[in-house]
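Top line first, the protein sequences correspond to chains X and E. Just so you know, the first sequence maps onto residues 1 to 191 in our numbering. Just so you know, the second sequence maps onto residues 1 to 216 in our numbering.
Errors might be hidden in some of the hints.
As the list claims (entries may be wrong) - Coverage of chain X stretches by chain E, computed from C-beta distances (three or more under 8 Å per stretch; other residues unrestricted):
#1 9 to 15
#2 20 to 33
Claimed, not checked - Quick list of simulated restraints, FRET-style, between CB atoms:
#3 Thr84(E) with Gln43(X): 35 to 43 Å
#4 Glu16(X) with Thr151(E): 18 to 26 Å
#5 Lys30(X) with Leu77(E): 23 to 31 Å
#6 Arg72(E) with Ala23(X): 28 to 36 Å
#7 Gly80(E) with Ala33(X): 39 to 47 Å
#8 Val54(X) with Thr151(E): 41 to 49 Å
Hints listed in this document are in silico derivations from the structure and should not be mistaken for laboratory results. Every residue, glycine too, gets a C-beta built ideally from N, C-alpha and C.
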Amino acid sequence: MKHPSQEEWMGYVYGEISSTDKANLSAHLKQCAECAGRVTQWQGTMSSLNEWKVSGPISARVIRPAVKWAIAAALVFGVGLGFGTAYLSASSGRTTAALRQEIRQELQAEFKTQLSEQRTQLLAEVSRVIDDKRAEDKQATLAALRQVTATHRADYNSLHKELETMAVMTDSSLRQAQQEIVSLVNYSQPK
Amino acid sequence: MTGSIFNSLSSLFSISDEQAMWRVRMEDDPQAFAQLVQRWEKPIQSLCARMTGDLHRGEDLAQETFARVFARRKDYLPSGKFSTFLWRVALNLCYDELRRITRRRESPLEENFSEPQAEEMAAEAATPDLRMVEEERAEIVRAALLRLEETYRAVVVLRHYEGLKFREISEVLEIPEGTVKSRMAEALSQLNKILSHTLDGEETHKKAKQSERLMI
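For reference, chain X alone in the conformation it holds in the complex (with noise of 0.2 Å):
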């Protein structure tokens, strides 16, 4: 009898086979004693593996600077997504996926031409982030985002009222949002 290789059994026994090729092999170790012999050891021992668990807590990590960033793009994002955009995209004729790309472009112009200390020190700040090896509890970390949404909730109303009387996305005008985005994320976090 021509036997299956061991490699053709790895794929079997982990699944990287055709639906063919597993009836085929299938149909095999019905006939086959010593290759049903090796292949239910092999099982077992892929059984005995999976009692070995490395998942260690659930831990969320201290709300890192791009995640600052991210939050506080949003805030602007969302507001002008939500409310903005649609007045803008009647009076400009335009896409709210393409304004969205287009605000999204002109911040990223912005933050790379004005914002190259603050990079240098989100950097440094990754690196720290990084090192600390202590797991934050993801409550914790949620309390901590509620809070920063919540004591800036003056901020982001007056972001909101800015971006509400916008007829016309101007260059001063997203250099203000600009601005508003950078104080809230330069706003440090209560420990």
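With chain X held as given, fit chain E onto it using these hints.
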């Protein structure tokens, strides 16, 4: 509110690993780098913990991995997957670490646990506790893996625990896919021998204790 913020986050800011790494390489972009770390630190920690048999060492090695990825960002070529690059950096650090450990010590790694294991086994015979049994079995598997040769262990960890396909593993290890598969088969056979030997010993020990109690 929080939920919707996180939703906007992922839709606006999730870029591919390759795009992120490209930004890290070209612009030292910390945001992109942080995103990569967030996405990959758990799997890399898991790999390093399983390769060294040590959770804390695993965390340290994971940090070193990302530091090295950043340090070597200029070497990153987008022709390959970022994850392939990342797994390889992590694995090489694990190999380096394992070499350091064996040079420093005379005895093999798994001797570390043998003392507590003996105590645990004695305690278990007296009052079987489900969690203790689970921990014991995990310990046995951990030790068994450490007895595999490193490159065989790597295949097992990548395929069985991290779920990489054989083809991906062959790219990480830069060996043919067929070789990966035959190493896997070998590794499983070796593990089977080691585990049945250890578990048999444990079973015999348990049965002996049970029959002792019955006789009294």
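Going through the hints against the structure:
no.	hint	verdict
1	9 to 15	holds (count 4)
2	20 to 33	violated (count 0)
3	Thr84(E) with Gln43(X): 35 to 43 Å	28 Å, violated
4	Glu16(X) with Thr151(E): 18 to 26 Å	20 Å, holds
5	Lys30(X) with Leu77(E): 23 to 31 Å	48 Å, violated
6	Arg72(E) with Ala23(X): 28 to 36 Å	46 Å, violated
7	Gly80(E) with Ala33(X): 39 to 47 Å	44 Å, holds
8	Val54(X) with Thr151(E): 41 to 49 Å	20 Å, violated
In this structure, the earlier hints numbered 2, 3, 5, 6 and 8 are contradicted, and the remaining ones agree with it.
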